[in-house]
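K.L.:
Sequence:
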Amino acid sequence: EADHRYMQYSTVEPPISPQSYYSSQSYYPPYGGDEWCGPSSLGELRKDPLEVGFDTEMGKAAPVIPAGYKRSRHPAQSARMRKEEVCVVCGDKASGYHYNALTCEGCKGFFRRSITKNAVYKCKTGGNCEMDMYMRRKCQECRLRKCKEMGMLAECLLTEIQCKSKRLRKNPKSSSDTTGFDTDVGDGGDAKQVTSTTKTVKEKVELSQEQQNLLTYILDAYNKHRIPQDMAKKLLQEQFSTEENFLLLIEMATTHVQVLVEFTKKIPGFLSLDHEDQIALLKGSAVEAMFLRSAQVFTKKMPHGHSEVLEERIRKSGISEEFITPMFNFYKSIGELQMRQEEHALLTAITILSPDRPYVKDQRAVERLQEPVLDVLRRFCKTQHPHKPQQFARLLGRLTELRTLNHHHAEMLESWRTSDHKFNPLLCEIWDVQ
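Following UniProt numbering, the numbering of the sequence shown begins with 1 at its first residue and continues without gaps.
Simulated from the structure, these hints should not be mistaken for lab results. C-beta atoms are modelled at their ideal positions from N, C-alpha and C, and glycine is treated no differently. Be careful, since some hints might not be right.
[Unchecked claim] Calculated pairs, DSS-like style, for lysine-lysine (alpha carbon to alpha carbon, straight line, at most 30 Å): (1) Lys361 to Lys122; (2) Lys224 to Lys332; (3) Lys382 to Lys148; (4) Lys388 to Lys361; (5) Lys332 to Lys361; (6) Lys148 to Lys266; (7) Lys361 to Lys124; (8) Lys93 to Lys138; (9) Lys382 to Lys361; (10) Lys122 to Lys266; (11) Lys148 to Lys122; (12) Lys148 to Lys138; (13) Lys388 to Lys224; (14) Lys138 to Lys361; (15) Lys138 to Lys122; (16) Lys382 to Lys224.
[As the list claims (entries may be wrong)] Label-pair restraints from in silico Cβ distances: (17) Glu336 to Cys123: 34 to 44 Å; (18) Asn223 to Lys122: 39 to 49 Å; (19) Leu207 to His387: 30 to 40 Å; (20) Asp274 to Gln338: 20 to 30 Å; (21) Asn329 to Glu130: 32 to 42 Å; (22) Thr125 to Asn223: 46 to 56 Å; (23) Gln209 to Gln338: 24 to 34 Å; (24) Ala154 to Lys93: 21 to 31 Å; (25) Asn118 to Glu210: 26 to 36 Å; (26) Glu210 to Pro386: 40 to 50 Å; (27) Gly91 to His387: 37 to 47 Å.
Build the full structure now, drawing on both the sequences and the hints.
P.N.:
Here is the structure:
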């Protein structure tokens, strides 16, 4: 049916075997109170279902993957072997994550100016320039295209302009240097952009029937495959040794991955992607999706003071302080947003459908899946948070924090390679732990 276009993807999903590890009645083994996961416990959780392998979890036969694929590393992971990271656009030294991508200051400023000025560039050689530190000065069209291909989001910037417009209305005499923009942002061309952007706030933002169908489908899949609240409570029930704490965290991480796989298969259009691209997206987003889910578990219905106890227990599991502090800062920042369940579901889907993940061959196909989800989230934020015009931008800002956490996680895994820490086969595969 025309009004249910996104629902058609359910027909391409492979049927789940009756002998599936996941019960049709309950996704998780029962929690008996005294023992985590009842008789299954940690040892049972590590058995056959995990050893089936990542490709089998996806419901398809594993394709022939070129040698070296699993041994290769995410750029954020391989960067730990270097002294500095490089801009994903031009290859210059990166200064951090800007507008959802790891870039240098030059490309950050170029992207900002291009979006605020609604710039239209023209490539002299047909739009196929290979972007590097030399060509970035020669071809602006290809540079802007590369910025977008690498995941830089105009949505992050447009809301900054709305902030500037609001400040100017409140205090017309305020100087431009207090806005956080470059000095060239105050010219006539940008003033027009501020005006037009302010007008768009009043645009009709109701979800279309098609968008409502997409939201409902993603939300239903997200609610069906969720992390049990009792997982966090387990760490609060009794004192564990360092090794026991670590094993429990591994169990939690494994459950996160299993939930991610099942949810991802339900994202409309995902199973229509090239199978190797499916694997690349899952492996690239696994850590970030895990932190999004964890943040929701740790910030919802946690009794007062328990988050501090939980933080202390995790510190006693052997995880470094350099990783724990930003992790809990992220959890707190998610809690401050007071996100609705729909926002959690959509943001997780957007994270999974990031076209700039390593080894994704058909980035445009992934973009075509991500763009409508981004638009649904934008419209949902405007309709559900009319008094919080920055909600959408703040949600996208959390994606930047997630990229940083992903990098910290990769560094932590690297430090564990020389230790006695052991992971089950599923985590070894999805985290590229050899």
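K.L.:
Regarding Asn118 and Glu210, is the given constraint of 26 to 36 Å on their beta-carbon distance met?
P.N.:
Distance hint for Asn118, Glu210 holds at roughly 28 Å.
K.L.:
Look at the Cβ atoms of Gln209 and Gln338 and judge whether their distance stays inside 24 to 34 Å.
P.N.:
Given about 28 Å between the Cβ atoms, the range holds.
K.L.:
For the pair supplied as a hint, Lys332 and Lys361, confirm whether the alpha-carbon distance does not exceed 30 Å.
P.N.:
Violated - the C-alpha atoms of Lys361 and Lys332 are around 35 Å apart, more than 30 Å.
K.L.:
Between the alpha carbons of Lys148 and Lys138, is the straight-line distance 30 Å or under?
P.N.:
18 Å, holds
K.L.:
Holds or violated: are the alpha carbons of Lys361 and Lys122 at most 30 Å from each other?
P.N.:
Given that 30 Å is the threshold and the Cα spacing comes to 26 Å, the pair holds.
K.L.:
Straight-line Cα separation of Lys382 and Lys148 no greater than 30 Å?
P.N.:
24 Å, holds
K.L.:
Does the hinted range 40 to 50 Å hold for Glu210 and Pro386 at CB?
P.N.:
23 Å, violated
K.L.:
For the pair supplied as a hint, Lys382 and Lys361, confirm whether the alpha-carbon distance does not exceed 30 Å.
P.N.:
Not satisfied, since the Cα-Cα distance of roughly 34 Å exceeds 30 Å.
K.L.:
Straight-line Cα separation of Lys122 and Lys266 no greater than 30 Å?
P.N.:
40 Å, violated
K.L.:
Holds or violated: Lys224 with Lys332, Cα cutoff 30 Å?
P.N.:
25 Å, holds
K.L.:
Take a quick look at whether Lys388 and Lys224 sit within 30 Å of each other, Cα to Cα.
P.N.:
With Cα atoms ~29 Å apart, Lys388 and Lys224 stay inside 30 Å; holds.
K.L.:
Lys148 and Lys266 were given as a pair; does the straight-line alpha-carbon distance stay at or below 30 Å?
P.N.:
Between Lys148 and Lys266 the Cα gap is close to 26 Å, so the pair holds against 30 Å.
The earlier numbered hints that this structure contradicts are 4, 5, 9, 10, 19, 20 and 26.
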